[in-house]
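Peer 1: Listed below are the residues making up each chain.
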Amino acid sequence: MEEFPGELRTPPVALVALVGFPELHAPITAHLHAEQPPINALALPDISKISVFARTPKDNSVPVRPVPGILKRDWVSKHRTRIPAVVAALFSSDHVSGDPAQWLQVCNDMDNLKAVTKPRNIKLVVAVVTQSSSKDEISEDRMLALRKKAEIDAKYVHVFTTNDPLELEQSLNRLRSSLAELANAYYRDEGRRIKSRLERKNLNSIELHIRCCFKVAVYAEFRRDWAEGLKFYEEAYLSAREMVGSSTRLPPIQRLVEIKTVAEQLHFKISTLLMHGGKLAEAIMWFRRHIDTYKKLVGAADASFAHWEWLSRQYIVFAELLETSSAVLSDVASATSGIAEKLTELEFYSAYYYQAAAQYLKEKSSCLELALSLSEHADETDDNDQSVSSVYVGQFVRLVELGEAVVMQPLTDEEFIRYALAEAKRFQASFEIVALLKKSSESYNNHHMLRMASYCGFKMAREYFTAEKFGDAKQSFDIVADLYRREGWVALLWEVLGYLRECSKRIGSLKDFIEHSLEMAALPVSDANGIQSFMDCGPAGPLGLLARETIHKEVFGLVRGEQDILLNEENNPLKVTDDTPLFLEIDLVSPLRVVLLASVAFHEQVVKPGTPTMLTVSLLTQLPLDVEIDQLEIQFNQTEYNFIIVNSQRSHLAAISKVQPGRRVEMAPVLKVATNRWLRLTYEIISEQSGKLECMYVIARIGRHFTISCRAESPASMNDLPLWKFEDRVESTPIKDPGLASSGQKAIQVEEPDPQVDLKLDSSGPALVGENFVVPVTITSKGHSVHSGELKINLVDTKGGGLLSPRDVEPFSTDNLHVELVGVSDRESADQSDIGSENIRKIQPSFGLISVPIIEEGKTWSCKLEIRWNRPKPVMLFVSLGYSPYGRETSSQKVHVHKNLQIEGKTALTISHQFMLPFRQDPLLPSTGKAAAGSDTTPVLPSKETSILLVSAKNCTEVPLRLLSMSIESEADNKCTVRQKMEEPMEPALVVPGEEFKKIFSVIPEETIGNMNIGTVCLRWRRDCVRGKSVSSSSVTDVCTKQRLPDVTVEPPPLILHIVCPAHATLGVPFTYAIKIQNRTSLLQEIKYSLVDSQSFVLSGPHNDTIFILPKSEHVASFKVVALVSGSQQMPRVTVTSTRYSATFQPSPAASTVFVFPSKPHFEQNGTGDRKLQSLAVE
Amino acid sequence: MIVCVAVVGHQNNPLYIQSFTEADDALKLHHIVHCSLDVVDERVNNPKKSGPTLNETFLGMLYPTENYKVYGYLTNTKVKFILVTTDLDVRDADVRNFFRRFHAAYVDAVSNPFHVPGKKITSTIFAERVSNIVKSFGLSSTG
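Chains A and B are the protein sequences, given in the same order. Each residue of the first sequence is one higher than the last, beginning at 1 in the working numbering. Each residue of the second sequence is one higher than the last, beginning at 10001 in the working numbering.
Derived by calculation from the structure, the hints in this document are not laboratory data. These numbers were taken from a predicted model, which means no experiment stands behind them. A portion of the hints provided could be inaccurate.
Derived, one-sided and incomplete: chain A residues facing chain B with beta-carbon distance under 8 Å [as the list claims (entries may be wrong)]:
id, residue
1, W489
2, E727
3, P918
Where is the CB? At the ideal position from N, CA and C, for every residue including glycine.
Next comes chain A alone, as it looks inside the complex (with noise of 0.2 Å):
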């Protein structure tokens, strides 16, 4: 873009000119150009000055001749910066209004100045400087007159304020307004004028007519009018390509410079408008159309390079534009809307015209060259005359001295040429296309289009490569190679690898050349597969397999040291040698994979140490031609196991020396790797070592200095190869076993010995809650001697989830722990105490770690695991037992043994109680009577009176257990006095399975309590030891087991109600039946009962009452009652209600029961008892 002049490539701003009073002509100015859009001013100190402006006088005596050119290259600049559009003039107040003298100055001036101005239309305007504000000073008929004096309309004659910053900040504004409408009423004038003169179609040259549009376009530019500017560019361009076939002004080379000059300027000026009015698509279509019209006009021959060197131009500047225009138009979707259908993603990219630019840079340099070349002898002659730019847009011209003119000649194409030639020789073609093309390379990457930026660095690479700046050449082709081969473009990759081998041998890096050298024979290349053979590969030469068998022989030859054939720039032979041994590494990622590839399976996944086992080498190779290798290592990661394979043949090249004494080698009668198939070996290895061994790699070595690393892949998990993937072959697999093939493994997982050993858990039955459970465990040797065993104890919830696990054991407290091993108890450890002292014992609660003492083959070692059971849970039970079988000190050998067993734990006893009341004695609690509906909320006692408790312990388990004894634990500060009712028994109860054993307590509360605590049923018990032979007697030891008794809520009875009747009655004999009620507290009580008659009695008494009873006092209604039918029979029953607390009793129908018999019974007394069964007398 820099090609063009800066008038061309900025936008046209109006110019205006300012005349006299040159102390204001700062601040106007700035003003000017401050405000939107500005406006350019030219300073005219003095009036005087004034004839710069005036125009040349024009000779109209010279006949008409032909226009001698297009464009005039200076005309834009003419009225971008000399001639204004308007001119201010500035005169001062004092002048206008002064004496005579200066009223007459002021009008010669005005004079002076509309001699310029009229002939060039220039508009005119007039400012009256003032000191003051007042506009009075200045008499209204000199304003008058100096407006008529200038022939101007009135508002274009201001009065310039200075003294008052607001004054001259509206005057500035007035000013600089009527200069804007002036100045556009100047370029629209100006403009119109021409295109009168286009309209009347009188021009007779086609040169005039393009020179008229562009002079319209640039003044409807001045006046911001984008669109008319437009089309009058357009007008213009396209005239100025109806000038191809038709202009003879010029000789034919150059007449066609100048019109493609002229077509760029114009072109130029399109796709800038067009791009800055957002017309993105438009933009690209004119330029479509541009180089369609002009690419194919290349001129003559000789000359074509500038042809190219235009075109390339073109490419250039409109991809510069379209990257300064693409910030404003970033949206690429919506431009392509509309009329642009037609246009491809890639033009919107100045990528895309970089990289166009770059290829017709390289099309003109070479046809430069040709040129060159052709006109050597010609251009010895030093020829004075300077050939420069004419006047003319595109033209040259020849300046020649006439005495002291200088003439400006026209020149033949001949010396056009010449100069031409050397103007192009000045510059470095090559430093350009490589800018060029990094360019485009770095746009494309941008845009994640990798391939176009592969292209461009692969033609940068290649101009670098003609430069020989080898270094830079190789960095970029293998940047390319690396996307060609991930693609599979094989010919690409012939080509650059072709180039790569050339840099690395110019270079000097045998290495690399090697490594290229081998990946390009080793490239899938056949000439069966249709690929033609290319006539232009560069340095690689035609593909092909011929080609591949050629390198192939040229690198086997350079490593085996048969052939040094190489040489780079400084005629060192390039040879493997002693000093310089050559070492090539194969990874899974590398391109070589295809030049040597190396799988390894063993034949089973696990073994057994000691046991010999297969082990399969297979190598192929893609190498045109047979590989024969001299010696093959195989390494593992174990290196003991390293061993060496040596061709039989080539025994004596081989390296022979370099193996490790010890290491073991074997001989193959031959290791040839032919084309696509699998050269497979197979050997015995026998590992001893547990653990993993894993083959690592796979060496071959070739000659006396020449190595390959290959790293062993599993057939199992093999990559393809690369490239040759898309190729249709024979596809083999490494190892002839199908099996094998898809699940083969380098690595085989050597086991441990198998243990020799027994573990033995026993366990009897299911654990009780409570107790100690314990858990017996024997090892016994059965052919291993166990040195320096440890056991290891692991106790886990069957169920999963958090039960224990020996890390965070400490925030356990014993409370939380619903299983725990206790302790370990072993015979021998509490024997030898001291030995035991070194023992590892760790015990946690539900891990343990216990050293087990040396055991000689045949012996035999227990301990015993206590387990505790806070809850009922099963429990899975781990041991095992890690030994080794040899008293060695190596601790990686050791054999390991693993026991679990399920343990149930399940609760012993289930205690249960109940409360009572005395016989036939019933308190009134109110509570109970109001929740009388309410079922069983916690139990109600009477303050300070009996009741009973009566506690049950209900054996569940399945073994019969033995009660030592029952109590209740009461606490400190206890309110209740709890006795026992009966005496300890002598000897533990047994308690068969199912059994309930209960025991009887009284329990008298001693205060009014909401909720009180009785104690804690405390029960002491052990299994039965007798029938339970197989536990051994430490296992049975006492167990109690504490539950506590739930609360109980004691009110006090206000009435108590206790029914007097005999035990037993007589048939026929009265006894008297009483109802005794007390009255507890001191308010009188009003109660009523009712008696309802029986069948079996007759009663005296009344049967229903009301009766009063007075405070802390009793009342007894009694009844005389005879029985008449005997048995047992229900006596009548009583209702009494309390109606304080409208409450009623009756008294349940086993209280109100009694036995009557048929004749008064006689109790025998049994005479060996020391009890006394005594008869109870009837009243």
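Given chain A, put chain B in place with the hints provided.
Peer 2: Same frame as chain A, but now just chain B:
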């Protein structure tokens, strides 16, 4: 005149590429075909909003370069066909027609039970057929 046709596989690897020029610019055509894959990617990833381009296999002109125009076609199995021509004025209908016939030939070639999908197409019958299609390019519509 068609100067080059190509079938490009899923990994952007060439499955079949054949040039029909006497000149020694065959390798350049490889480059052009390879570069055109960028435009195919771009077009597939950012489809134009306007137009019923959904499920359209014919991608249109990919880009003009030097003296060539490159056209693209994407099958439903995401195999790409690329066509490079030197004709300046090409009718879309002709190119569509060409691709349709080319696609048919391709389908026949890969339907061969001995062809392994994803591998290069080495069938000589396919090559012959393609060369016939190329020769008749543009003739059918004019005639």
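Peer 1: Now tell me if each hint is right for this structure.
Peer 2: Status of the hints after comparison with the structure:
1. W489: holds, 6 Å
2. E727: holds, 6 Å
3. P918: Check failed: Cβ of P918 of chain A comes no nearer than 97 Å to chain B, outside 8 Å.
Violated hint: 3 only; the structure is consistent with all others.
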